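S.K.: Listed here are the chains, written in short residue letters.
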Amino acid sequence: MSIHQVELWFFLPVMLVLYWLGAGRRLWQNGVLLVGGWLFYWTWNPTLLWVIVAATVLDYAIGRFIGTEGRPESHRKAALALSVIYNLGQLCWFKYIGWFTGSFNDLMTALGFEVSAPILKIALPLGISYFTFGKLAYAIEVYYRRSPVCESLLNFATWVAFFPQLVAGPIVRPRQMIPQIEVGRRPTAKMFAGGAQAFLLGFILKAYVADWLGPNIVDPIMSAPTDYSAAMHWLAVVGYGLQIFGDFAGYSLMAIGLGRLFGVELPENFNFPFLSKSMMEFWRRWHITLNTWLFDYLYGPLTLSRGWWRGRLDLGFLVVFALCGLWHGAAWGFMLWGVLHGVALVVERRWGEYYKTLCRKDRVWVKRRKTRVYAFVAWALAQSWFIVTLIPFRIHDVGNIAGYVQGMFVSAGSAVPPGLESLRELQHFAVILLFLVVYHLTQTRLGGWAWGRFQAAPAPIRGVAYGLVLVYLFIYVPLSAGTFVYANF
Amino acid sequence: MAQANQSTSNWGSVAVVAVCALVTVVAADFALARLSPVPTAIMEVDDGIRMLRDHDPDTLILGSSHTRSFLPMRDLIRERTSGDNEVVLVPVEWGLFTSYKWVLDNRVAPLVDEVRNGQKVRPSIKRALIITTFYDACDVQHIGNVNLPARAWEAQHFGDDLAHKGLTEFNRNYLQTRWKSAFSGSVLIQNRGHERVGDALREVVRPVSDERKAEVRAENVKWAKRNMEKQWDICWHPPEIAALEQILDFFLTRDIEPTIILFPLLPDITSEKSKATTLLRYEKYAAELGKRRGVRVVDMTYGAPLVGADFQDDFDHLTREANPRFAAWALENHLQFLLEPPSPGGAP
Numbered sequence: 001m002s003i004h005q006v007e008l009w010f011f012l013p014v015m016l017v018l019y020w021l022g023a024g025r026r027l028w029q030n031g032v033l034l035v036g037g038w039l040f041y042w043t044w045n046p047t048l049l050w051v052i053v054a055a056t057v058l059d060y061a062i063g064r065f066i067g068t069e070g071r072p073e074s075h076r077k078a079a080l081a082l083s084v085i086y087n088l089g090q091l092c093w094f095k096y097i098g099w100f101t102g103s104f105n106d107l108m109t110a111l112g113f114e115v116s117a118p119i120l121k122i123a124l125p126l127g128i129s130y131f132t133f134g135k136l137a138y139a140i141e142v143y144y145r146r147s148p149v150c151e152s153l154l155n156f157a158t159w160v161a162f163f164p165q166l167v168a169g170p171i172v173r174p175r176q177m178i179p180q181i182e183v184g185r186r187p188t189a190k191m192f193a194g195g196a197q198a199f200l201l202g203f204i205l206k207a208y209v210a211d212w213l214g215p216n217i218v219d220p221i222m223s224a225p226t227d228y229s230a231a232m233h234w235l236a237v238v239g240y241g242l243q244i245f246g247d248f249a250g251y252s253l254m255a256i257g258l259g260r261l262f263g264v265e266l267p268e269n270f271n272f273p274f275l276s277k278s279m280m281e282f283w284r285r286w287h288i289t290l291n292t293w294l295f296d297y298l299y300g301p302l303t304l305s306r307g308w309w310r311g312r313l314d315l316g317f318l319v320v321f322a323l324c325g326l327w328h329g330a331a332w333g334f335m336l337w338g339v340l341h342g343v344a345l346v347v348e349r350r351w352g353e354y355y356k357t358l359c360r361k362d363r364v365w366v367k368r369r370k371t372r373v374y375a376f377v378a379w380a381l382a383q384s385w386f387i388v389t390l391i392p393f394r395i396h397d398v399g400n401i402a403g404y405v406q407g408m409f410v411s412a413g414s415a416v417p418p419g420l421e422s423l424r425e426l427q428h429f430a431v432i433l434l435f436l437v438v439y440h441l442t443q444t445r446l447g448g449w450a451w452g453r454f455q456a457a458p459a460p461i462r463g464v465a466y467g468l469v470l471v472y473l474f475i476y477v478p479l480s481a482g483t484f485v486y487a488n489f
Numbered sequence: 001m002a003q004a005n006q007s008t009s010n011w012g013s014v015a016v017v018a019v020c021a022l023v024t025v026v027a028a029d030f031a032l033a034r035l036s037p038v039p040t041a042i043m044e045v046d047d048g049i050r051m052l053r054d055h056d057p058d059t060l061i062l063g064s065s066h067t068r069s070f071l072p073m074r075d076l077i078r079e080r081t082s083g084d085n086e087v088v089l090v091p092v093e094w095g096l097f098t099s100y101k102w103v104l105d106n107r108v109a110p111l112v113d114e115v116r117n118g119q120k121v122r123p124s125i126k127r128a129l130i131i132t133t134f135y136d137a138c139d140v141q142h143i144g145n146v147n148l149p150a151r152a153w154e155a156q157h158f159g160d161d162l163a164h165k166g167l168t169e170f171n172r173n174y175l176q177t178r179w180k181s182a183f184s185g186s187v188l189i190q191n192r193g194h195e196r197v198g199d200a201l202r203e204v205v206r207p208v209s210d211e212r213k214a215e216v217r218a219e220n221v222k223w224a225k226r227n228m229e230k231q232w233d234i235c236w237h238p239p240e241i242a243a244l245e246q247i248l249d250f251f252l253t254r255d256i257e258p259t260i261i262l263f264p265l266l267p268d269i270t271s272e273k274s275k276a277t278t279l280l281r282y283e284k285y286a287a288e289l290g291k292r293r294g295v296r297v298v299d300m301t302y303g304a305p306l307v308g309a310d311f312q313d314d315f316d317h318l319t320r321e322a323n324p325r326f327a328a329w330a331l332e333n334h335l336q337f338l339l340e341p342p343s344p345g346g347a348p
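Chains as they are written, first to last, in our numbering: chain P, 1 to 489; chain Z, 1 to 348.
Any given hint could turn out to be false.
[Claimed, not checked] From chain Z, some residues computed to sit far from chain P (all C-beta separations above 12 Å):
1. Ala28
2. Ile42
3. Pro72
4. Thr81
5. Asp210
6. Ala276
7. Gly303
8. Pro342
[As the list claims (entries may be wrong)] Below, a sample of chain P positions facing chain Z; criterion: calculated Cβ distance under 7 Å:
9. Leu39
10. Thr43
11. Pro46
12. Ala189
13. Val238
14. Gly300
15. Leu304
16. Ala459
17. Gly463
18. Val471
19. Leu479
Worth flagging that the hints you see were computed from the coordinates, not collected in a lab.
The structure displayed is predicted, hence computed values, not measured ones.
In this text, a Cβ means the ideal position worked out from N, Cα and C, and glycines have one as well.
All chains, full assembly: derive it from the sequences and hints.
M.R.: Written as structure tokens, this is what we have:
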């Protein structure tokens, strides 16, 4: 099941009615959410329901074990290790085993050995990267006594299987959700209105922006780049940046919206990343829940540890982002993408330190940093880096990556992608770009004021406006939409 | 941005916003339906099965979407035989032989073989027409248009598939069809994303000239011609050919006399090349099959008195006006036997 496809309109009304029939009754509401979540999971792949059930029961038991007062430290540590090994082991088995064996075979062949380990093709359980990281956070937090133990298996299982975030996050920490579901929930107008609004916005980003850009601009060019000119190569990469933003930010907003319809507030996952003026800022705005997870549970403990790693901030960036790349998928292209982002953060950190020395020498550098020119150059560099690094993210084969980069400067192709072929498609492209610009302008003072005015407008005016948006979507967005790019990670 | 303003969020205002949005959508739906009417419902497998459930016909017509053209023929046969001969038709939209076989096994067979109190409920079926074009032998991997969940599945088929494979792009079509059928009067739901409404709006703002329309039609004819020539490579798929043989087995083992009918094609889209390749191969195969299995084959590919205007814009199906003319012509020529009582023994 997917939250942007037609099945949601069969599933959601039933869920909402059942759920709110028991308003304020925790057991009933969590029971409905759990059964609904498992049903949602089951419809993805009936044979893999056990993955989420087994992982839930194990981590619940481990949490109880670790959290029990008076338990010897060595036992607690062993239990934490068991959780980490099980969760990461499960993730590696399902997600990376084929890649590991394939890479091993390639390495052996390169070294002159005739080894051919069988490459297993295993179905990837839905959202495994997301719920695994959530559960790991739980075990770690309980171990360090930062979060209380979840005493109720029902509450714990409801958190893990909360269906809006099952496909592609956000990665929800235990303390972000469990306290909300430990009590009965009552509907509020604010949650419903905010939920519907977030869902609609997310749907536009996913079903209109991302699903148009993919087949009409990005996919045709990326699949046969030599047919297209250098300018089209650039267009496809920029288009891909917008596509995955629409896809993933759209999904996150839809998940947040659905969460609110059930009275549950999920964490923000995107915060206008295209406004970032540095890569550090970018990573505070893009896939926020993954990056805070990596910094809280990997980068922080690594660089603040007492051992060799202590203070090795640059190496920490490289390792964490290489793993971030690997989290996205089992391919060298993802790894390269991660390392490139790690390099950017290292360069930025070094530049920041160097700039501080300049400022200490001469205060004019402080003023320069506050100029619009500096801000624009910083923005252009950060965004360009993000866009260019998407090439290995999208094209995993190293040879093809090199070919694509070359094509960005020299290409004899002259084909035109479907999105630029006719006036009708050009109109869509223009509307999409306009929508994205307006969406980001809401973050400016004027845009924020205008959005505030709309929010404060009489209800009938807002209703008609939303109705017209829906009519537009009905006319131009097909009933069957594409899958989420980030559901594959 | 996604967080609603607190001051404007009380149940009253939420309800007003929701109602106004709904009214806007419904009003737009009505207005747009004038520009771009809701597509006329076409006869589907379910309609055919309902017809079969309610009757004990002597002739069953099964096959491609062209089967729908036989609906006026059904009325003519009734009229000319004073109701003695009863015909039921089961058209499968966007199907191939494997699709017709699936419909035969899963939807038609339970009714054909239905027994009540030791007696067959429908003992009269003695004739079957299989309506086909060369397209029915295409490789599904290359055409990707077969959509049984939308066209022929019942809830139990969806449930079985869901339990085995989960929700897939394929079985999701069943849900989409159910969703659309729940809003059969809404042009926004029926035409969602197809751009028909968008095109109709554009036509109001900037009408397309007749010259341009003629140009577009000429381009499409050219494309269709080329496509038919290319289908030489993909429209000879062994599993589809095998399915046709199995369909014949189904009827012959039940003493039902099958007739294979090659439906007329729009003359404009057949080229000398396709006539000598794609189409010829299929005609020869049908003739050979008829001889080998002792089955009547009626080849109407070229002979029917139909012109370009008798075909719809898809260059494939006959218009509503052309169907009765085609029916009358066919009953006076190749299909005269449908006016006679079926032979008691069924298959020769």
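S.K.: Are the hints correct? Go through all of them and say.
M.R.: Here is what the structure says about each hint:
Some Cβ of chain P comes within 12 Å of the Cβ of Ala28 (chain Z); the nearest lies about 4 Å off, and the non-interface call is violated. A cut-off of 12 Å between C-beta atoms confirms that Ile42 (chain Z) is not in contact with chain P; the least separation is 18 Å. With a cut of 12 Å on Cβ distances, Pro72 (chain Z) stays outside the contact zone with chain P, its closest approach being about 32 Å. For Thr81 (chain Z), the requirement that its beta carbon stay farther than 12 Å from each beta carbon of chain P is met, with the minimum near 44 Å.
Distance check on Asp210 (chain Z): its Cβ is at least 19 Å (rounded) from any Cβ of chain P, clearing the 12 Å threshold; non-interface status holds. Non-interface call for Ala276 (chain Z) relative to chain P: holds, since the shortest CB-CB distance, roughly 33 Å, exceeds 12 Å. The claim that Gly303 (chain Z) is not at the interface with chain P holds, since no C-beta of that chain comes within 12 Å of its own (minimum 39 Å). For Pro342 (chain Z), the non-interface assignment is confirmed: its Cβ lies about 44 Å from the closest Cβ of chain P, beyond the 12 Å cut-off.
For Leu39 (chain P), the shortest C-beta to C-beta distance to chain Z is roughly 11 Å, which exceeds 7 Å, and the interface hint is violated. Interface hint status for Thr43 (chain P): upheld, as the beta-carbon distance to the closest one in chain Z is roughly 4 Å, under 7 Å. Proximity of Pro46 (chain P) to chain Z holds as hinted, the smallest CB-CB distance being about 5 Å (cut-off 7 Å). Taking 7 Å as the C-beta contact cut-off toward chain Z, the hint placing Ala189 (chain P) at the interface holds, the least distance being around 5 Å.
Because the beta carbon of Val238 (chain P) sits about 23 Å from the nearest beta carbon in chain Z, more than 7 Å, this interface hint is broken. For Gly300 (chain P), the interface hint is violated, since its Cβ never comes within 7 Å of a Cβ in chain Z; the closest pair sits about 29 Å apart. A cut of 7 Å between beta carbons decides the hint on Leu304 (chain P): the least distance to chain Z is about 34 Å, and the hint is violated. With a cut of 7 Å, the hint placing Ala459 (chain P) at the interface with chain Z holds, because the nearest CB-to-CB distance is about 4 Å.
With a least beta-carbon distance of about 2 Å to chain Z, the hint placing Gly463 (chain P) at the interface is held under the 7 Å criterion. Taken as an interface hint, Val471 (chain P) checks out: its beta carbon lies about 4 Å from the nearest beta carbon of chain Z, inside 7 Å. Given hint, Leu479 (chain P) at the interface with chain Z, holds; its Cβ is 5 Å from that chain's nearest Cβ, closer than 7 Å.
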